[in-house]
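So in my numbering, spot 62 of the sequence shown is number 62, and the numbers just go up one at a time.
Source of the hints: derived by calculation from the structure; they are not laboratory data.
It cannot be assumed that every hint is accurate.
Listed below are the simulated BS3-like cross-link pairs for lysine-lysine, each with C-alpha atoms no more than 27 Å apart in a straight line [as the list claims (entries may be wrong)]:
1. K161 with K70
2. K70 with K20
3. K48 with K60
4. K7 with K161
5. K36 with K48
6. K311 with K267
7. K36 with K60
8. K164 with K20
9. K229 with K278
10. K164 with K196
11. K43 with K311
12. K311 with K196
13. K70 with K60
14. K229 with K7
15. K196 with K229
16. K263 with K311
Ranges of calculated distance between the beta carbons of each label pair, as one might list FRET restraints [said to hold, decoys possible]:
17. D249 with D24: 37 to 45 Å
18. L102 with P8: 38 to 46 Å
19. R240 with D90: 46 to 54 Å
All C-beta atoms in this analysis are idealised placements derived from N, C-alpha and C, irrespective of residue type, glycine included.
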Amino acid sequence: MFIVRTKPTEWLFTNLRYYKTFTDLQKSQIFYIANKNLIYSIKEKTEKVHALSLLNNMQKSSSAVDEVKKYVRSTIRRDIDEVNLKSWDDIVRLYDMTVQNLTVCSDFISALIMNTNLYESGLCPFLLYAFNDWQWGLNYPNRLERLVEFSFMYLYRFVPKNVKTPCGNFQPLHLLGATSNVFIDKDNRVICKVPKNLAAILYLIPQEYENVCLLRETPLGQFCSENYKYDNQYQYLYHRAVLGNSGEDLLFNHTILCDAQIKSLKKFYSLYSNRNDKQMILDIHPGNFVWDDSKEQWYLVDLGSLPDIGKEYYEYSTFEQYFLHIWINRERNMRIYPIRSIDLNMDEVIYTGRYEE
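Turn these sequences into a full structure, and let the hints steer you where they fit.
Pasting the structure below:
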């Protein structure tokens, strides 16, 4: 049986406060990205024009946070109250007060104010809009804890880390991932994942290895590749290379899945739906499954956990619903809306500002 893992508030607050160690440019980048993402929520044309103007001003200014203060002042006719967030309890009070005032200020303005308070206290801003909805979490227990974990686990992907590439006979296989670069040895037997940002180093790579160790003790272990090893020095993650097409490759090439592929996927989904540890939420979209022809089964090659927010995206009562919405409609969904509603395209969202470092 899986262990039950909880996120203590001290751990959450420590990770929020990690933001304080970043350079001024990195802090402004993350502040800009968190607030840029809020604009997905705006439907009214005039309001959206004003919000886009705010983003433009943030890009041009030497102080992104000052531009947000000006925008809020012009909208609600008062300055943002200064707060000093020194503890988890301070964040709880600010959050509760903000939620209570949602009837007075719009979600967008409330989120801007909250992120400004966090920024000025040296804490990571929040991703308050995602999955095409506001994430105040009014109907969830531990709603603030969910929001905090979700925010820094995504936003710290924008803090790049230059990790040494693996020595020996490894060569690049996939260098476009959001969190890791993937290398394969010249004999095509071993995969090495190399973290490329702070989120991967602190959470995603170690967490994936922890998940593998747990899954190995369950029937779901048959869908994990073999020979996983974790390098504590460089945070590399090794495992046996699974050579084959991903589910996404097959779907995007309009290849109809064969009976064996449907049977294997159905078996995986049945075991996953009935797993003991519901806190382990895997990213089970078709791009993370690779088909091994020799063994006639799927392998899930990305075993990192998703934050609690957004887990509903994969929750369906039947395999047929999951297969239709997550597999068959994958290409269509990626075209018509951002699945995470979080813009992780580095080229488009990076704040430049006017810092000279």
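Task: Violated constraints from the hint list, given by number and in increasing order - done: 1, 18
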